[in-house]
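Q: Going down the list, the protein sequences come from chains P and Z. Oh and the first sequence: position 36 is 29 in the working numbering, straight run, nothing missing. Converting from the second sequence to the working numbering requires adding 4 to each position, the first position being numbered 1.
The set of hints was computed from the structure by calculation and includes no laboratory data. Watch out, some of these pointers could steer you wrong.
As the list claims (entries may be wrong) - Dumping the calculated DSSO-like pairs for lysine-lysine here, alpha-carbon to alpha-carbon at most 27 Å:
1. Z/Lys133 with P/Lys63
2. P/Lys62 with Z/Lys133
3. Z/Lys133 with P/Lys45
Claimed, not checked - Incomplete in silico selection of chain Z near chain P, CB under 10 Å:
4. Leu75
5. Pro76
6. Phe96
7. Ala126
8. Ile127
9. Ser129
As the list claims (entries may be wrong) - Chain Z stretches covered by chain P per the calculated footprint, using a threshold of three residues with CB under 8 Å from any CB of chain P:
10. 97 to 111
11. 118 to 125
Note that the coordinates shown come from a computational prediction; the quantities given were computed from them, not determined experimentally. All C-beta atoms in this analysis are idealised placements derived from N, C-alpha and C, irrespective of residue type, glycine included.
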Amino acid sequence: MTTHFAGETVSMEKISTPKLSLNEAIIAHLLRQSSPDPLFGLELVRRSSTGKLQLKKGTIYVTLERMEKKGLVLSELETTPPPHIREGDFYIPRRMYQLTSLGQQALTALEEAVAQIPGFLVGS
Amino acid sequence: MDVINPRLEQALETLDRGVLLFALGGMIFNGVETSPAGILLTAAAAIIYGLVRNRITNLDHFESGTTLPSLPGINLAWFMFVCQWLGSRHLFDGLLGDLVDPEIGGTRAAARQYLRETLWPAIWSRAWKTVLTRLWLERFV
Chain P
-6 MTTHFAGETV SMEKISTPKL SLNEAIIAHL LRQSSPDPLF GLELVRRSST
44 GKLQLKKGTI YVTLERMEKK GLVLSELETT PPPHIREGDF YIPRRMYQLT
94 SLGQQALTAL EEAVAQIPGF LVGS
Chain Z
5 MDVINPRLEQ ALETLDRGVL LFALGGMIFN GVETSPAGIL LTAAAAIIYG
55 LVRNRITNLD HFESGTTLPS LPGINLAWFM FVCQWLGSRH LFDGLLGDLV
105 DPEIGGTRAA ARQYLRETLW PAIWSRAWKT VLTRLWLERF V
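Make a model of the complete structure from these sequences and hints.
A: See below:
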């Protein structure tokens, strides 16, 4: 489906794809990397700590909550405890996150936009 | 996490915007009139609204059979209470889930320190981001 926007013909999908903030983009990237395996918040923080852009403990859940509201990620509680948990250990099912197709689209749209920047800078 | 009724959610967001604009306007005009009592009353009313609003949002998420695991030395009932009024279910599940990690939840002291270091910044970040979003400033979130 296409429509006219700012003198250009663009697809409806492009207009309705939500924009990602920096933290959202990092989370979406990490979730796509691990797909189809879901990740929990602390694991996302750990995986981001190897790069220059790092997620923060605690505040990541605020971002994940917002992303779920926007339909970018999907969450569910884990069904089996991790292997290191023994009987009597503290355990609560962790909330696991997965990227949705809308999240994939948003990340791809962001990557395409970022890829255009070098050409834009050289051209100007 | 299920949203009970998207239309209700949308209506509540509009209500939030109205209350926030009312509070900001009230504080500015009371400031112009140099009325500290007016500023405090407006701020107090806005804070009470915010707390109750968050509680309403969390009502179903926390009361559908939430059973607290026991973690010696840590008052998880208090932690849940704070999350119900100030935080969210994601925050509750997320931070408690982090304690499953042996590095964080391995000792009582480490677990307490982790919750202390993460809960308040997370709640502050959530409140700040909510205010920005309600003021149509989502791009700065």
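Q: Each hint needs a verdict: does it hold in this structure or not?
A: Here is how each hint holds up against the structure:
This hinted pair checks out: lysine 133 of chain Z and lysine 63 of chain P have alpha carbons roughly 14 Å apart, not beyond 27 Å. Straight-line distance between C-alpha atoms of lysine 62 of chain P and lysine 133 of chain Z comes to about 14 Å, which keeps the hinted pair within the 27 Å bound. Our distance criterion of 27 Å between C-alpha atoms is met by lysine 133 of chain Z and lysine 45 of chain P, whose separation comes to about 23 Å. Given the 10 Å rule on beta carbons, the hint for leucine 75 of chain Z holds: about 5 Å separates it from the nearest Cβ of chain P.
The criterion of a C-beta within 10 Å of any C-beta in chain P is met by proline 76 of chain Z, whose closest approach is roughly 9 Å, and the hint holds. For phenylalanine 96 of chain Z, the interface hint holds, since its Cβ comes within 10 Å of a Cβ in chain P; the closest pair sits about 9 Å apart. A least Cβ separation of about 4 Å between alanine 126 of chain Z and chain P falls short of the 10 Å threshold, and the interface hint therefore holds. With 10 Å as the threshold, the beta carbon of isoleucine 127 of chain Z comes within range of chain P, its nearest partner Cβ sitting at about 9 Å, so the hint holds.
Among the interface hints, the one on serine 129 of chain Z holds; its C-beta lies about 4 Å from the nearest C-beta in chain P, closer than the 10 Å criterion. Coverage of a stretch by a chain is defined here by at least three residues with a beta carbon nearer than 8 Å to that chain's beta carbons; for the stretch 97 to 111 of chain Z and chain P the count is 12, and the condition holds. For the stretch 118 to 125 of chain Z, the stated coverage by chain P holds: 5 residues have a C-beta nearer than 8 Å to a C-beta of that chain, and at least 3 were required.
Every hint from the earlier list agrees with this structure, and none is contradicted.
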